[in-house]
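A.B. asks: Heads up: the protein sequence lines correspond to chains D and C, in order.
Using the working numbering, read the first sequence as starting at 1 and increasing by one per residue.
Using the working numbering, read the second sequence as starting at 1001 and increasing by one per residue.
What the hints contain is simulated information worked out from the structure, not anything from laboratory work.
Glycine included, every Cβ here is placed at the ideal spot set by N, Cα and C.
Just so you know, not all the hints are guaranteed correct.
Unchecked claim - Below are the DSS-like pairs computed for lysine-lysine, each with C-alpha atoms no more than 27 Å apart in a straight line:
#1 C/1098 to C/1210
#2 C/1274 to D/60
#3 C/1082 to C/1015
#4 C/1210 to D/289
#5 C/1082 to C/1210
#6 C/1206 to D/289
#7 C/1098 to C/1206
#8 C/1015 to C/1098
#9 C/1182 to C/1015
#10 D/289 to C/1015
#11 C/1182 to C/1206
#12 C/1082 to C/1182
Claimed, not checked - From the derived model, a few chain C residues whose C-beta atoms are all more than 12 Å from chain D:
#13 1127
#14 1131
#15 1134
#16 1190
If you want the building blocks of each chain, they are given just below.
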Amino acid sequence: MGTIGPQPPARREEGPSIEGDVLLEVRRLRKYFPVTSGVLFQRRVGLIKAVDDVSFSIRKGETLGLVGESGSGKTTTGRCILQLDRPTSGEVRFEGRDLAQLDEAELRPVRRRMQVIFQDPYSSLNPRMTIGQIIGEPLRVHEILEAKGEVRERARELLSVVGLNPAMADRFPHELSGGERQRVGIARALSLQPSFIVCDEPVSALDVSIQAQIINLLEDLQARFGLTYLFIAHDLSVVRHIGDRVAVMYLGKIVEVADRRELYENPLHPYTQALLSAVPVPDPAVEAKRERVILRGEVPSALNPPSGCVFHPRCPMAIPECSQGVPELREVSPNHWVACIRAEGYQSA
Amino acid sequence: MRESERAVGTLLQVKDLRTHFFTLEGVIRAVDGVSYDVRQGETVAIVGESGCGKSVSALSIMRLIPYPPGRIVAGEIWFNGKNLLALSDEEMRQVRGKEIAMIFQEPMTSLNPTLTIGRQLTETLEAHLEMQASEAEGRAAELLRLVGIPEPERRLRQYPHQFSGGMRQRVMVAMALSCNPKLILADEPTTALDVTIQAQILELMKELSKRFGVAMVIITHNLGVVARYADRVNVMYAGKMIERGSARDIYETPRHPYTLGLLRSVPRLDQPRKARLEPIDGQPPDLANLPPGCSFRLRCTFAIDRCAHEVPPLIPVGAGHVSACWVADTLHGK
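Using the sequences and the hints given, assemble the complete structure.
C.D. replies: This is how it looks when you write it as structure tokens:
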């Protein structure tokens, strides 16, 4: 690992590539966490393959939705891109450089270009700081603005950008509602004028009526500042709304990637199909007619993943071959990548 | 609707319930005049956002409101011919867990981490049904099998941390069913679970409630979750019931601007993607400091002058369909 080529030569080897102006390219990313036992000697007793050979690219200005259940590795993927967790192997090419090769000092300027919005607006804001200080902190840390007055002014400006009253700068997080706090988190992410933001479940902790407000805000900001998003979520209907392309993760692997429309209208991986059918629709008449694929069992442990295709023990389409080889992501139709050996088989059946 | 059956088959009737919390910041009217009923064997949903009082109304039925600061200040809760609010603590203990069971959102915090699953199941059986230890153990294994937990005898000896989230929620369902209750109150039973597991748990709950004729109250913030399972839906906002009807009425012809807004604000997989979502502007009011008139007025696009002064009562807008809105009539077909 670690050799840098200009462009992946064979598509099948290197995973899904796309045409266009690519901002971020993730190649064969792996993140393994050792599981240790014992206090003194810390024997390694196992390895959790949180992210296992994940590849994808994001174009400038687009939103890639990354969906999966808890434990699928979607958050770890986001953290590895931001180099908050250093990858075990693989490349994260951002604006032309492989971040996995950079040391902390070299990463510092890059961190200004990539930011993150967290899920829980309650735990991601320091309760002892005022809203103004929270939003201004990145500016001080990165020594962009030094004078207190300037930082303050910029924080007030950012508050109005995210639709809050600038007077809120003097308040504390506990005085704000969940939706307001999430707007503060967004303002903080914007303060360094990043080009790329990892949105890690930014609306799942919010009430339904507020979720739509935040999604609309994220879309407006993307159009206004030309932002690129990696939008991590478990809610497939939200991702269909905001994602231009969608990647589905299961147990550390990407099982399907396609343009939004294609993925939702023509899902090819049995897991994607099951996920889609599990999403409830707020209409009893529609629900009464819907066929449901209810998956058996639960997501297996990443400590001891199944052999072959990691989904095969729960897959309604599985055949004996599925437990043998690990299926590679392959392009089944233009820009539609699936990791399933039966993708064509049962599609025509 | 089968209005005639109402009086006969009513299992639970909540009448003008008011549960307030007396805090330093003032009186928080978490539940402020809520009425609804549940018929035998039916599934009723209570839908609303965080802080609307839906959980407090369920905890009031179980008389589990922490005092101080909370207190049920008015109302009646009739269950199977008894007013629960008039029972002694001892009598209420007999109802709780035995006749009415509860399932909570977070199975990890509602199970005791230091006791085996088996002990937690047999405890209820021994307390309520006065079973002997060996009999209770047999019944516990049977319950785990019923909720689809493989190898029940081995699982009974394990602790909650050895179970996954979905399996823990199955254990909660087993505990709820253990004493053959007539009613199960499920407070956000699937919110903490993954979507594929949510579907499993809801199917399981529905199937078991049908099989044993148990009535269910499902409390949720997600309108999608209950569409498939609820017979009737109650919508709450800021401590009040603002609309009630059959599931079909509520989803197809909502007659309160809040219900309408909730339905519109969520992206739906069965409909073409919208260019833009339509949120409800603003945020829910402070329950310690409610505005006069209709609490939803400040976020409502249909508000008229009257909404600012007079609290709208629940008025019939169709058979078995009521809405607390002064302009409910004009919302038809919106």
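A.B. asks: If a hint holds in the structure, say so; if it doesn't, say that too.
C.D. replies: Results for each hint:
1. C/1098 to C/1210: It holds: about 18 Å lies between the C-alpha atoms, which stays within 27 Å.
2. C/1274 to D/60: holds, 23 Å
3. C/1082 to C/1015: With a Cα-Cα distance of about 13 Å, the restraint between residue 1082 of chain C and residue 1015 of chain C holds, given a limit of 27 Å.
4. C/1210 to D/289: holds, 20 Å
5. C/1082 to C/1210: holds, 24 Å
6. C/1206 to D/289: holds, 17 Å
7. C/1098 to C/1206: holds, 19 Å
8. C/1015 to C/1098: holds, 23 Å
9. C/1182 to C/1015: holds, 19 Å
10. D/289 to C/1015: Not OK: residue 289 of chain D and residue 1015 of chain C at ~36 Å, beyond 27 Å, violated.
11. C/1182 to C/1206: holds, 14 Å
12. C/1082 to C/1182: The given pair, whose Cα atoms are some 14 Å apart, holds under the 27 Å limit.
13. 1127: Given a closest Cβ separation of 31 Å, the condition holds.
14. 1131: Consistent with the label, residue 1131 of chain C stays out of reach of chain D, its closest Cβ about 31 Å off (over 12 Å).
15. 1134: Fine: 31 Å to the nearest Cβ keeps residue 1134 of chain C off the interface.
16. 1190: Residue 1190 of chain C is in fact no farther than 12 Å from some Cβ atom of chain D, at 10 Å.
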